[in-house]
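Residue numbers (my numbering), protein chains in the order written: chain V, 1496 to 1820; chain Y, 15 to 392; chain H, 9 to 225; chain W, 6 to 534.
Think of the hints as simulated: they come from the structure by calculation, not from any bench. Cβ atoms here follow ideal geometry from the backbone N, Cα and C, with glycine treated the same way. Misleading hints may appear alongside valid ones.
[Unchecked claim] Part of the chain Y face toward chain H, derived, beta carbon under 10 Å:
#: 1; residue: E94
#: 2; residue: E259
#: 3; residue: T299
#: 4; residue: Y300
#: 5; residue: H301
#: 6; residue: H325
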Amino acid sequence: MDYNTGHPHATPNFRNLVIKPMWITLKTALRTVPYIGKAKFLKNNYHGQRANLTDEFTLERIGDNHPSSGQIYAADRESSPALPFLERPVTIMYPYERLEDMEPWLFVPGNYNGRIGIVWETCTACKACVKACPNDCLHMTSETRVNVLDTTDEGDEWHGLGSELESGGLAARRKETFDEIEDFDLMHEHTAPPQQYDFAEVIDISGDKATVRWQDGSGIESVEMSSLKPAEVDIVSGRIDIGRCMFCGLCAEACPFESFFMSNEYDGMSGYTREDLWFDADRTRLLPVVHQERVDMELAKRAQKEKAKREKKAAKAAAAAKSEA
Amino acid sequence: MAEMWISMGPQHPMTHGLWTLKVKVDGETVVDTEPDLGYIHRGVEKICESRDFTQITTYCDRLCYASANTWSHAYIYAAEDLLGVEVPERAEYIRLVAVEIQRIASHLMWLGAYGPDIGNLSVMVWCLREREMMMDLLQELGGSRMHYNFPRIGGVKRDLPHGFALRARHKLKLFLDRIQEYEALFDESTVFLIRSQGVGYAKPEEMINHGVSGPNIRAAGVNHDIRTSHPYSVYSELDWEPAVERSSIKGADCYDRYRIRVEEMRQSANLVLQALDKIPGGAETYHEPGDPKIIGKAPTRAPEGTSGSHHFEDSRGESMFYIAGGGEGRGKMPYRVSIRSPMFITIPYASKCMIGYKVADIPAIMGSFDPCIGETDR
Amino acid sequence: MRIVSEKAQKEAAEKLVSSLNKMDGVESSLDVRTSGTQNRPIVNATVSPESWRKVAEQLKEKHSVDHCSMITGIHWPESSDKTWEVVYHFLRTGIKDPVIEDGLVIPNIVDFSKVKGKNVPLEIQISIKIGETRTPSVASIQDLWVGADWNEKETWDLVGIDFEGHDGMRRVLNPHESPVGFHPLQKQHKLRYHGFEEMYDDAQGFMRKPVDSSRVK
Amino acid sequence: MKQIGEVRNMASSDWLDVRGWTESFIGWSMDKTHDVLPSNDIDLEFSITRPRWFLEEPIVIGSEINLQSGFADIQPSLEAFFVSTIMCTVVFATMMLTLMVVPYIERKFIGRLMDRIGATTSLRSLWIGEGPSTAGDWWNKLPMGMGVPIGMLNKSLNSSFGNSHHLETIDRVGNRGYHGIWFLFPGFFQALADFMKFATKEHLIPEKADKLVFEVAPVIIIATTIMCYAFIPFGPHIWAANPDLSLLFLMAIFGVAPLGVFFAGWASNNKYTLIGGMRSAAQLTAYEIPLLITVLSIAVISGSFNILEIVDFQIETSDTWNLFMLPLGAALFLITMIAEVERIPFDMPEAEAELVEGWWTEYGGIRWGLMFAVEMMRAYAACILFAMFFLGGWEFPFQDTLSGIPVIGTIVNLIPGLVIVLLKAWLLFAFFVWVRASLHRIRTDQILEFGWRYLLPLSILNLAIAMYLRLEVWTGTSWPIWVPPVITVLGIILFVVYAIDEDKDALEYSRRPYNTQTLDKAYPGSRRD
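Using the sequences provided together with the hints, build the complete structure.
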């Protein structure tokens, strides 16, 4: 049998029986060796090359505190000056290492289709997300929350447009420290993340003080009215059968308010039974601080509307009073 | 030696998925073959009938796990044809970038799988290393690593992100350099040549009659490419020619089909680099999602009696969607979605191709046609 | 970039349309659609089931339509003018085996901007409407375009439209042991779990079996 | 005629005289035993004298024995038995322990060649800590503060030898891999862990298999492979048996395994294993013959069928490695050995792409693990044999010249032959791995054709060369000084000529841009070298 099949291009020959292919693999092996790998004849245009792949926007976004700020990234992730000894592309050993630390630009908020997250404060229960879901995995549920209009503090631009504290109603107090939230490890704790607020039932209101019964069981306490925000039990989106979710992101796109997001989080979505994957809304809740800018936008939008409504009402009332008078 | 039937599959390294190739062998020689498909038939066409036009995109992504983006785009073009949507030019460029990067990733996956098919594992690891770069780029666009759900009826989900052009240029140039090393390991290896040359001949006229298209037919020396013969998107604005392989005299063999894919990877990288230069508004500008520059207005209902279809150059050949709208007064959902999968037609032909060769040639021939069972079984 | 010119394509399409219209049982029209920056002329034709075989032969021999892309079967139980429809998509590609000179293949590089006549690439969409019947059937074109072979198998398998003269009809996507007469894309079959919420409707999993489990394997 | 196990007067030698030590120890202890035994004659005679009328002469039962002299009679064979037993144990232990390096080389070197040395958890990672959930700070979870010293040790090791970076993630990535003082260790004991896993698995026999043969086949393969090592010396004084015709014994036993392979393929009653077994039988037969003829050429040129003498011939008698006398033979031996041990590019019998695992398919658990170990053992044996036959066995390169130099000579002579043999074998195995990473699998018909059509004539040619060299060139005491260099240079020239001599037109074609369309298209980045 003649191995030369008359093929027009590469013809089998003696030299290439071993020499060429073995040379190319040897080259690859040598490139992974420190110092030798940088030799010119190896044409190492890959490992240990410095190339600036981070744009200014990303640099600004990740800020100075991010582990990757100030690093120069190469296409193969880890051949950056951060890791002077590595001459090779390195597998990210998830969960010990995470991709977002190595390639932060892949995880711009809003760019990644991680698990869904809902900012309850701004949800209006319009069901747009539920309708958009191709798999029917998303559902509405009712939860205790603070309306976005009530989240403002004294002195904020849009303060005072929300509802009032009432005795018999619910109140919330923002937590003093965020340690609990920061320490929460989504990857390993398969539970709902901690709340940003402590909730309480208002028993009585007298002057500046309100007597409340904390829902976490810490008893009855009398606190300053100014530290409390009105809360309510509302219908919000976010109950999800995560086993059915295919992370297409259509729900987040359907949301007409700044409430529904796909988070950058790809952890904490496992379980031993199918029931473990039925997430109640508290597992998908996003704290407003994560998307503060967008929440502020929504607050402004809604507060303006509310203000206009109130002004109209006030004008109407004034007109009515006038006409009455 | 007596003839015997061997059932290769559904779990077999040669199949690249789940299907069975029944092979009748006489000693080491293949005498007859019979493919048996349908192991992962998910009924996507039926599911699509109860989803609205936007939701279907996500299912089309899942048709092929190696080349998700091309499939959702193939659907989007058919849906736009049905609904009569005008797409902004910038969106078309972004789509082109996404599809061509996906084509590189898909071909890399193919090359990576073809190495082990004929006994070399190195190239698989190398290819997956480079594919990682392409997947990173696509993740920036679509937000996921595999099923991007990127195109929307009327445009795209999102503009090119900040810094995307910078990274895409860098990575693609790097990639173009690295292709040479695959060639050194394949083209310049005599063992590969004697394994792949002279095996699995296929002639173009026969192939087109059998419905084989795409890289497999371009390997035989004809420049049939949906992108030029039935032009869509903005391919006509870029300077390129479809890659064509000078085949051997008896037709395209495995080696030609390998060559054409390597050449197409170059071609696609070149296309992306060109598109990034030519994109209206510049690759560096960023529009918020929903901006009319990247997504046009689209109706959500298809009137009764309308239909839309579109041929699309997938990484494996000509893919096509045919969508019949309306019916039973439910215009929001398609009445019938029909999918042409290139590999569904090619696998029977490839199975015929290997008759007369040795058992050892089965993976070499089958692999060279690039089977993907996700789209085949739908 | 040498792409096929819209004008040539339109002319060729018109020619094909007029030629098809001359045949019995064929209604043909030219449909121009847009795609991206391009216009896309498509030859549309409605053919009666009786004359289909003849039309197919004509297409293959006279008009050198060489590629059968796809065959779609549709079940229209509630439509007024048809119960079944078969839609064929053809392409004319003009592919020829490359010439061999001096023992070297000269690749067949067609300059699409200059092609004329029967080599102009064309899209052809042919629909065949079938009235109410329990055994819909049209003539097979498997022998003309081998690529139609598996498409016809699939159409029969999923929709239940049979092809007369098809050699070796069998299940391809459904299991081989599917019950006779079970063709899932017919409209009387509904998606089994559509609208079924495990989380709410059946948390204990009592109803795991679908309603029609006894009827369908 | 020399006896098995007889001490040979070795010309080449080193200080690691395991055999000598064993012999002297056994001899000493036997002598002591001899001395301890009572030296006086013990009268065990008992004569029956009565009844006189019946016995004219007394019947004497038993004899007068002397334990010492009796022991002295059996002492040589007893000594030989004990020495053989001990040496067998030593050789087997040496083989098994050093065999662990072989899969380690396979893994790590191929990782470099394939550029995929990514996820490696090393011993270092124990003190570096991999993450919050598993390895990190595991010492703190030990009861009663037992782990406190470990933690302190880890901390100090990390601070002195780790790649430090002020960012924790980066630090972790930088420290998890190879670089650092412990670069050799990660993954070394993986082979052991693999073996434990195989050993604990269930033993499955296919229902329709030929059960007896199915069980016997691995035994044949494993037993014969381990028997090979009886004749493979690891050093001048580390060997188990040394018959005069050890080379013949070795090659005979090496050739039994294909029979077991064929048994295994047939008995599994599976079409893949059947084809795999057939292929294996065909391939091994096709390569066994050139291999034997090549080995014969070694015997011819060294003038002995004894492996030790072959090595001795290279080190002492002629002072020239056979590689420089028979470069063609070395190439042939390498190729046929790769085919014999069924490694890529000749791994058709177990081609995983079409035959899944060939004749192994139906085996699982400990049988599969052992057969995998045997695969490694055969490759290892091939490497050691190459070192013996062509690379001068336990001779350090230029050891003669080097030992003349004052300090270096002393150091070189201090390196035991065992180490040199092992290093040579491991390097050769690295070469096997390199070939595996670079080449594709050759088709069955091509393998057989290559074997019968090229290797067989070449091996006969090689034998003829060896005979000519031995009969005409060999002076009786040494090679003429010009012969080895001339042969080496000739070999290199021939190789280079073959390497660069190719069809110029074909070269033109292969250099031409492949795509007819992109002849003058400028791609970003250079096209080819």
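Hints and how they fare:
1. Proximity of E94 (chain Y) to chain H holds as hinted, the smallest CB-CB distance being about 8 Å (cut-off 10 Å).
2. Because the closest C-beta pair between E259 (chain Y) and chain H is about 7 Å apart, less than 10 Å, the hint holds.
3. Hint status for T299 (chain Y): violated, given a least beta-carbon distance of 20 Å to chain H, over 10 Å.
4. Interface restraint check for Y300 (chain Y): the shortest CB-CB distance to chain H comes to about 23 Å, outside 10 Å, so the restraint is violated.
5. Hint status for H301 (chain Y): violated, given a least beta-carbon distance of 19 Å to chain H, over 10 Å.
6. Annotation: interface hint on H325 (chain Y) holds; nearest CB of chain H at approximately 7 Å, less than 10 Å.
Taken one by one, the earlier hints fail for this structure at numbers 3, 4 and 5, listed in ascending order.
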